[in-house]
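**Student:** These protein sequence lines are chains L and E, in that order.
For the first sequence, position 8 (counting from the first letter as 1) is numbered 8 according to my numbering, and the numbering increases by one without interruption.
For the second sequence, position 69 (counting from the first letter as 1) is numbered 69 according to my numbering, and the numbering increases by one without interruption.
I should point out that these hints are in silico values taken from the structure, not numbers from a laboratory.
We put the CB at the ideal spot given by N, CA and C, even for glycine.
One or more hints might be untrue.
Unchecked claim - Label pairs and their computed distance ranges (CB to CB):
#1 E/Gly283 / L/Ser74: 56 to 62 Å
#2 E/Thr165 / L/Ala61: 27 to 33 Å
#3 L/Pro30 / E/Glu214: 51 to 57 Å
#4 L/Val63 / E/Asp178: 22 to 28 Å
#5 E/Thr312 / L/Gly3: 48 to 54 Å
#6 E/Glu157 / L/Phe59: 28 to 34 Å
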Amino acid sequence: MSGPAQVLDCRGQRCPLPVIALARQLPELPVGAVLRVLADDPAAAVDIPAWCRMRGQEFLATVPDGPGYDVRRSR
Amino acid sequence: MTGWTVLGSLSAPIGEIPTPGRDSVAAVSPTPVNQDMATAAPTPAHQDAPTPVYLDAATAVPLHPVARQALLAALDDGWADPARLYTQARRARQLLDAAREATAETLGVRADEVSFTPSGTTAAHAAVLGGLAGRRRAGATLVHSAIEHSAVLHAAERHVAGGGTAHAVAVDRLGRLDLTVWAEAVRTPGVALAALIAASHEVGTVQPVAAAAELCAGSGVPLYVDAAQVVGRTAVPQGWSVLTASAHKWGGPPGVGLLVVRKGTRWESPWPADERESGRTPGVLNLPAVVAAAASLRAAAADAATQAARLTPLVDRIRARVAAEVPDVEVVGHPTDRLPHLVTFSCLYVDGEVLLHALDRRGFAVSSGSSCTSSTLRPSHVLEAMGVLSHGNVRVSLHRETTEADVERFLAELPGIVAGLRAEAGVVGL
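Bound-form chain E, shown alone (with noise of 0.2 Å):
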């Protein structure tokens, strides 16, 4: 800990730095907690229970080493209001500024452009209709990918429901954004705003996002990014006007997102006046976490190259592997253009909640796109817009903290996994 300091994990040269473990159930509950539920990660529920596996990072990542030092650190330092003026408070602003500062570099952009929000989702709801807004005297039309999140989507509906109109352009069988179609939607008159996924958070197919911004610029049309699933690993994509991104999602704590609007974007607050955060996102931010996200994404983003060149190859074993020795297996998205860290396959005839849950006693975690699975139960909008295989799916998403030996336990058991689930259904030589 010698040295140590919050504002120098925000400015520092980056170095390893270790960290005690902490934190449990019991410290918000008024009441003592049963042992197995103490900790955050699953605890075995007997002796020979398999050790966790967690392969969910496209959901959220296990906090970073250096996260939660700067979170413990602002605890203590940083829990003033940054807008008054006296010591504590300008202390917090100290922090604010810092965090601000870091995050601005590690983008490439101004920190004057940089907001930080409650959540990705919040991110992504304010970027669009605050582009939306920002530019209703040039129309009311939403240009969006088929595959957004679904951040994206809901503020979408929100658009239509109050007399805006909004376009889905489709993509193809691996998940690419048809550019023809794209190019067709932005020049229409009366476009507001385009918005692109920079690469699917479902099926890991990197978007064409340059080329997208090139024929947006060309129709003077703003393009929104959400680029949750490549801050802090993979370099960000060039030509957006509006960017969001999710701390959670780079080893963050959750409950922190990004807004970053470009100089000279028409971009309008969407939520009722506020001076905080310049107007762009209201209330009052939890410092703490922020101060610990924009501390670890200089450490992810610092990282990113080393783990993507190791993650990669390991995302093609379970590619190659998965397609092998899982009989009557889709593997998704792009095999070669995506994200170093994530893959998506469905199993035919199997159900993907029993799945979920039979990898689950096996130790693993990970999530699926498939319609059981999801509280509306509808299959997963991205896998319908490519027209692949919705039921049996499975999303492996790998971190920093993923062994090769994880990777090879998954592909050890999924097999025998699958075969036991088919075997159960009597679905075998379907």
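Isolated chain L (complex conformation) (with noise of 0.2 Å):
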């Protein structure tokens, strides 16, 4: 498994920024990619994997540098 296709630096941004900064950029990237978000908001470790769950998209971990969350496009 590779590391992330793109790095989304969001940090300083308030929720929902990076959300809506994620479902903005996702759909660039071919399916099957990861998207790093970096978000120091802490909604954003809620709401990131919410959007993934509602929108059929990976959630697949959050790394600690960032923080960061990784996301893979996966439809």
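Please assemble the complex out of the two chains, which come individually in their own frames, going by the hints.
**Tutor:** Spelled out as structure tokens, the structure:
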């Protein structure tokens, strides 16, 4: 498994902005690619996995750096 | 008013009691106040402003007419210190005793198990810290659900800061306690107290209190139940050792809490010694407010089944219509095993604070668990524990004055308000 194809830096932004940025950027990537969202708003830890569930995208993991959230475009 | 007495409001059969309107900021303001500021309800800023619709009962319910009447009468009659030995004090003592008897009868407990506190928060702090102190020989662990009220969690933090431990038990996506984890947690050696909210104040999901209590009893662990959202609304669950509630959640005045400690419970006051309220809560009580709280609890409890039957379908309607008519919305909490009056949903890509202000401009008073609406800028720990969307969150909670027309107006306006905010933010079609 490879690392993220792209990193989206949303540090300093408050929710829902990191989720909106994720929703805008993910369709730009090919299916199967991984997008890493860096977001320091604590709400992102809840809302990014919730968005993945609502949109049928795959939430992979939280990474400590950022913190960051890896999302795979699955459709 | 003929025949009405404050003692009667605590003991006579429940009846409809009319009430005059009064009270304003003017009464406490040293200078004349702007007319717009003079009423408690939001005043329309201009002629075509919408009629206010108050939908935040889970925070505070508008004062019940019985509470208003009892409060006014008790201000004249119950100002003396009930602990003193003269006529005025005896009158105050009579009111306090009657308030305690009435409350105990409504809750199905003994009068000497009931204490009044200066708030629901104080009662919750005392329940947790007193329950732990009374069982310090058994251990120093507090087991609690991950979705307790912040008053309980803050008391738990105090306990941990003092060297104790706290174990939060998870809930599922619908906000229901994980009973398997709970069972394991309470039977671990060293557990002094377990705490479980009767029903979530944020998402309305009713907790399996009876089953949780049985598991506690099996390990000899006392259970504290925060019943703030159920007292005066639904049947109070069984099996607990300590229970708390808050008067402004049932239509009583703000500033009165209930702390109920069952006989035989090892509970020790965490406060400096004081002889009032059986030593359970220090300081002189706001007796007129206590009397009003007790009188309105009787009235609310007598009307609870009727209100639940009326509000449950209105909440069902909100759940169904919001899900159907607002795109990209997550309605959270258990669909059926829930409080009769409360519903929560989150709107994708919408800022919770902006949504609250937009609703307020249209006359709707609601609350939110979104991080931007909290002073700590953290999302609601309840939404976090459930793993549901936390931004764009709205909690709607109904009360005895909420009409079907209020709900219909909210449902008619909400989709347009959300769509407008999404268009402004440029997030349509994401």
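**Student:** A separate judgement is required for each hint: does it hold in the structure or not?
**Tutor:** Hint by hint, here is what the structure shows:
Distance hint check for E/Gly283 and L/Ser74: the Cβ-Cβ separation is about 60 Å, which falls inside the suggested range of 56 to 62 Å. At about 29 Å, the CB distance of E/Thr165 to L/Ala61 agrees with the hint of 27 to 33 Å. Here the CB-CB span from L/Pro30 to E/Glu214 is close to 54 Å, well matched to the stated 51 to 57 Å. The hinted window of 22 to 28 Å between L/Val63 and E/Asp178 holds, with their beta carbons roughly 27 Å apart.
The given range of 48 to 54 Å is respected by E/Thr312 and L/Gly3, whose C-beta atoms sit roughly 51 Å from each other. Take E/Glu157 and L/Phe59: their Cβ atoms lie about 30 Å apart, and the range 28 to 34 Å holds.
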